[in-house]
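These are the residues of each chain, in order.
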Amino acid sequence: MNWFWYASPQTFYPLAGRMAPWFGIAAAILAAAGLYVGFLVAPTDAQQGEVYRIIFIHVPAAWLSMFIYLVLAFWAALGLAFHTRLSGMMASALAPTGALFTFIALVTGSLWGRPTWGTYWVWDARLTSELVLLFLYLGFMALQAAIDDPRRADKAGALLAIVGVVNIPIIHYSVVWWNSLHQGASVSVTRGASMAPLMLWAMLLMALAFWMYSIAVSLTRVRCIIREREA
Amino acid sequence: MSEQHTFFIAWAYGVTAVALVLEVIFLLKRKRETKT
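Respectively, the protein sequence lines represent chains A and B. Here the first sequence stands for residues 339 to 569, where the numbers follow this note's numbering. Here the second sequence stands for residues 18 to 53, where the numbers follow this note's numbering.
None of these hints come from the bench; they were simulated from the model. Beta carbons are placed, not taken as given, at the ideal position from N, Cα and C, and that holds for glycine. Just so you know, not all the hints are guaranteed correct.
Stated by the list, open to error - As a list, the in silico DMTMM-like pairs of lysine to aspartate or glutamate whose alpha-carbon atoms are at most 25 angstroms apart:
#, chain 1, residue 1, chain 2, residue 2
1, B, Lys52, A, Glu566
2, B, Lys52, B, Glu40
3, B, Lys48, A, Glu566
4, B, Lys52, A, Asp486
5, B, Lys46, A, Glu568
6, B, Lys46, A, Asp487
7, A, Lys493, A, Glu568
8, B, Lys48, A, Asp487
9, A, Lys493, A, Glu566
10, B, Lys46, A, Asp486
What the hints assert, rightly or not - Residues of chain A placed beyond 12 angstroms of chain B at every Cβ, according to the derived structure:
#, residue
11, Thr349
12, Met404
13, Ala419
14, Ala463
15, Leu469
16, Ile506
17, Trp515
18, Gly522
19, Leu536
20, Leu542
Work out the full structure, taking the sequences as your base and the hints as a guide.
Here it is, written out as structure tokens:
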């Protein structure tokens, strides 16, 4: 299979149209399963009680906010290096969804923080670096919108996106590098998960649901961008 | 489930649902506009 065949907006357009509904259906099924396990099967937390159930949207949204930024920066860098039109379009299509998941992570985090920490917000390293991520997404979108020529807008946005990648390890390691009110990682590659298996299952199902949702909306949005730019 | 916990869970899930639904609505609106 020649993957470069799909590097052109014209050939990628029908493929994106065929794939998007399937990712949307997968997102709906996974979200239904995740919410079922999260609310009806997973046990109550011994320390936090019921309020811990915010984890099933907070952690997946936070993961996606960082992951989408990395994918966005990857496409932006590819566009900058190889001058491929589709790369810039993909980066533009991902930004609003990434910003939305960052917003969801911040809001659900503050709603979880109030009953557990006693405050909605602290200027703590993890929270502040996640807020910086939201500003990076908004800055990327504002910069692209401010430049009329799409190729120049892609180039300017790509530079900002690549520089902003430095914030991702800062978010991830903020709880290790600095004293933080925020808890450490819920799931670690080296140490495994620090939670009950049923809670972990619910969280992973919701993370997959958010991932599939992101792909579905990004593919639909990139089709709109292709129509706007190539018409 | 304590009343206080229900309040925070409802807000967290409510804000998430509204945000995702609004994104889909705006996306479908954009899709319709670019098709014409």
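- Numbers of the earlier hints that this structure fails to satisfy, in rising order: Structure breaks no hint.
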